[in-house]
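2 protein chains.
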Amino acid sequence: MDEVRLIEIAEDIHADNELVARELRIRLGDEKVFLVNLMSAPGSGKTRTILRTIEELQTQLRCGVIEADIDSKVDAEAVAAEGISAVQLNTGGFCHLDATMVAQGLDQLELADLDVVVIENVGNLVCPAEFDTGAMLKVMILSVPEGDDKPLKYPLMFSLCDVLLVNKIDYLEFDLSDFDVAKLRERVRKLNPEIEIFEISAKTGEGVGEWAGWLSREAKRFLAD
Amino acid sequence: MDEVRLIEIAEDIHADNELVARELRIRLGDEKVFLVNLMSAPGSGKTRTILRTIEELQTQLRCGVIEADIDSKVDAEAVAAEGISAVQLNTGGFCHLDATMVAQGLDQLELADLDVVVIENVGNLVCPAEFDTGAMLKVMILSVPEGDDKPLKYPLMFSLCDVLLVNKIDYLEFDLSDFDVAKLRERVRKLNPEIEIFEISAKTGEGVGEWAGWLSREAKRFLAD
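Chains as they are written, first to last, in the numbering used here: chain F, 1 to 225; chain C, 1 to 225.
Just so you know, the hints here were simulated from the structure itself, not pulled from any lab data.
Please note: incorrect hints may appear among the correct ones.
For identical chains, the list gives no copy identity; a pair is met inside one copy or between any two copies.
Cut-off 30 Å, straight-line C-alpha distance, at most; resulting in silico cross-link-like pairs (DSS-like, lysine-lysine) [claimed, not checked]: (1) K203 <-> K183; (2) K32 <-> K183; (3) K203 <-> K220; (4) K32 <-> K190; (5) K190 <-> K73; (6) K220 <-> K183.
Fair warning: this is a prediction, and the values are worked out from it, not measured in the lab.
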């Protein structure tokens, strides 16, 4: 009986959230801010990917970051140390961000001075997939050590993202994880034929230019509209 | 307003679950089955760790496995292929297991023929920490590529587990992740001074004997009571 009750409640929360997310997207359209929701499991390299990506973007676009964690502010500190506008949201146990929390984060940034804001969602391949944050673009990271079978186990996340970043490709040469990139691509495309896939190493920088170039074009198209 | 409502609901569900978990633990005490709840982020190596551990235990203890995933049955198939009793629970989108789901899984195993049952929880460092499954022992895995900062970000999981398995220590020699084992231990002990920590590689087998030996002693103490 627990199960049924939980699902009903979740639907209510989702319905409210959809509304808030839609309103937030309209507000961001007016304010000309391109919002990106970055999701992954813990330890996939979200923070380092954000730093590398913004390094590439910042000659052309003004970027800010909303960091979300259950606890601590280590990620926002790491981002701010690079001179990037950053806000830390502590979810206090919550396993995902919703649109209301994101709106609270955005209120703390000077949006008039920003073109792109990247949300680093809570490290979790499950719950964040179910909540629209108001972002225009949903991006996920899968890192090589996590294994190429993850689309089979967390299909929703792979199904709804616009972009998959396969991170830590520098691990491939050590043959520690038996990771098969072709098999991964096949599994992901089966769930989501339209998804953009980039192979990167946020550590070495490999592949980041191509991904950042694509993102920059998407953001500029939005800002020019 | 969403936040407050969600917290209230979660407390109700937790209260019900505590009751079911307590009853399940009494039942397992009567039936002499030692239940282990294994939790980690996606891709930390839960399935391979279970296989390696049972390989060590099975000359002395009869072992079964409950696999939980949002979707797919690849893990249960991998376990069953090794001749181990396995049940797959598909949570249908749920991000964690609760005691009711675990009881349903146990109903499908021949408990009279088993001494130890290991639950492979949904890959998630957040939500499973909040739900008592009825297990006597809570074990978590953190794998080296995830990074040594994870106790700062997911403190609840580290605080409540009895055992931490630091997996994929074969990655340490490649210096890809800047992982500092001493720093990790310090962070974990600060949250949880009593926790047992084992460094293992489920792939190479390094350290698994020591962990399995400890687990075997705990299980036998329980079974002898």
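May I ask which of the numbered hints given earlier this structure violates, with the numbers listed in increasing order? 2, 4 and 6
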